[in-house]
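Required output: the full structure, derived from the provided sequences and hints.
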Amino acid sequence: MSDTVQVSVEQGVMTVTINRPEAMNAVNRKVAEGIAAAMLELDSNPTIRLAILTGAGGMFCSGMDLKAYIRGESPFIDGRGFGGLCSAPPQKPLIAAVEGFALAGGFELAIACDLIVAGDGARFGTPEVKVGLIAGAGGLLRTPRHIPQRVAMEMALTGEMISAARAYEVGLVNRVVASGGALTAAMTLARVIAANGPLAVAASKKVICESQDWLSHEMFAQQEPLLKAIATSKDALEGATAFAEKRRPNWQGC
Amino acid sequence: MNNLVRYDLNNDVATLRMDDGKANVMNIAMLAALNEALDRAEKEAKVVVLYGRAGSFSGGFDLGVFKRGGPDVQTMLEEGVRLCVRLVDFPLPVIAACTGHAVALGAILLLSCDLRVGVDVGARFQINEVRLGMVLPRVTVEVCRRKLAPAQMQTATTLGMPFTPASALLAGFVDELVPAYAMQEAVRRHCTDLLALDSKSFAINKRRINAQVIEAMNVAIQADIAQWQALHMGMEAN
Chain F
13 MSDTVQVSVE QGVMTVTINR PEAMNAVNRK VAEGIAAAML ELDSNPTIRL
63 AILTGAGGMF CSGMDLKAYI RGESPFIDGR GFGGLCSAPP QKPLIAAVEG
113 FALAGGFELA IACDLIVAGD GARFGTPEVK VGLIAGAGGL LRTPRHIPQR
163 VAMEMALTGE MISAARAYEV GLVNRVVASG GALTAAMTLA RVIAANGPLA
213 VAASKKVICE SQDWLSHEMF AQQEPLLKAI ATSKDALEGA TAFAEKRRPN
263 WQGC
Chain B
260 MNNLVRYDLN NDVATLRMDD GKANVMNIAM LAALNEALDR AEKEAKVVVL
310 YGRAGSFSGG FDLGVFKRGG PDVQTMLEEG VRLCVRLVDF PLPVIAACTG
360 HAVALGAILL LSCDLRVGVD VGARFQINEV RLGMVLPRVT VEVCRRKLAP
410 AQMQTATTLG MPFTPASALL AGFVDELVPA YAMQEAVRRH CTDLLALDSK
460 SFAINKRRIN AQVIEAMNVA IQADIAQWQA LHMGMEAN
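Residue numbers (my numbering), protein chains in the order written: chain F, 13 to 266; chain B, 260 to 497.
Some hints could be false.
Reference excerpt, derived from the structure (chain B facing chain F, CB under 8 Å, subset only) [stated by the list, open to error]:
#, residue
1, D379
2, V380
3, G381
4, T423
5, P424
6, A425
7, P438
8, Y440
Derived lysine-lysine pairs resembling DSSO-like cross-links, with alpha carbons at most 30 Å apart [claimed, not checked]:
#, chain 1, residue 1, chain 2, residue 2
9, F, K240, F, K217
10, B, K281, F, K142
11, B, K302, B, K459
12, F, K218, F, K104
13, F, K79, B, K281
14, F, K246, F, K258
Hints are computed from structural coordinates only; laboratory data are not their basis. Beta carbons are placed, not taken as given, at the ideal position from N, Cα and C, and that holds for glycine.
Set out below in structure tokens:
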């Protein structure tokens, strides 16, 4: 694995760090491959519960590395999309810890995550229109599903950045902390999630994400198989038993 | 005139654009340019706009001058705090277009203006002297008391915490937040509004409202200057 994307695991929480601060953590081929590999590991390793995506050097990501792109390096991974993430997010939860800029492709990486924790100096934006491009890696597709349409429209059409405070106001960001504290706060959030039933957490994410395409009159039917699988799992029994016995559950992951 | 402050007079509005190409530090040259511009404005304008540059309103005193030492330090300090008093006591309405960071004396200058518009993203507001091991001039304390919300006084001054645009609005560093691209429009709107004020009654009202503060600032400035002179002549340790 290259140093360009650093991956570490601590108590079941993976941290994926884009490590090109000299290039504002711009996404080149190595970054995309590194993230893709980390996501594969995240979903296939039963000891890892969730992951945090962040950037080194006090900033998240400034988007696609244009110079690399011109040289012929594609930051798109087959089957996974931009940055090895945007078209196919992992099954397990992903938290973005954002300091500084999350712009263009960087913004799209952030909103491909399930949760976002931001330092109060963080700035979010899709400036593509300013150079005659569009935010095609999910910036236009996901944003209006996550925040009010008018705000998404303003971001897309003006290409202007919004502050962490504004992002929190519109529900783009889950929590704003003092500048420099995003990763620590993301870890704190991760631990709360990691303490919960692993199957239940993964299933909850799955229902939230997939149900966006379910029709109202069939959504409960669509949910049924997942619900059944959870309800009949050993962990569900363990959870209820632990609750009754006033102790912490010992999850098995089945 | 030097090019640190660009002076434009348009329909009775004097716009003073501070631009040193970087952080708009308040060194002797910048302070002199501002005073010169204010001299002109006082004679020929009805509203003053103090405009920062992209990314920075003012970073405060020039730390390089402190490092180099010598009589320039005292001159710079004196001129800097005198400018704050001048703005608080200025007979015309002063609008601050806070286009970016306002740090240390830069934040105090901002607080010394009558109406302050800030950008809504990317600016840091911080009275950070304590974090640099420096002491706030007494006169700047009076300015803080005047404009900062009581609840944020300690965090802003004693603790020297940084504020974002959103928290700066709550704390009283600014009166309004706008996107950077809308700053000119907001300033124009306020100019139109304030141009309608009767100049004479405005000046008298401003002086009445600020009478106690001005008195406190003048007392404070005497104490500050005396202390700086003593320091310069090696008579005091602190």
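These are the hints, each one checked on the structure:
| no. | hint | result |
| --- | --- | --- |
| 1 | D379 | 6 Å, holds |
| 2 | V380 | 4 Å, holds |
| 3 | G381 | 6 Å, holds |
| 4 | T423 | 5 Å, holds |
| 5 | P424 | 6 Å, holds |
| 6 | A425 | 4 Å, holds |
| 7 | P438 | 6 Å, holds |
| 8 | Y440 | 7 Å, holds |
| 9 | F:K240 / F:K217 | 16 Å, holds |
| 10 | B:K281 / F:K142 | 25 Å, holds |
| 11 | B:K302 / B:K459 | 13 Å, holds |
| 12 | F:K218 / F:K104 | 9 Å, holds |
| 13 | F:K79 / B:K281 | 27 Å, holds |
| 14 | F:K246 / F:K258 | 18 Å, holds |
Checked against the numbered hints given earlier, the structure satisfies every one of them.
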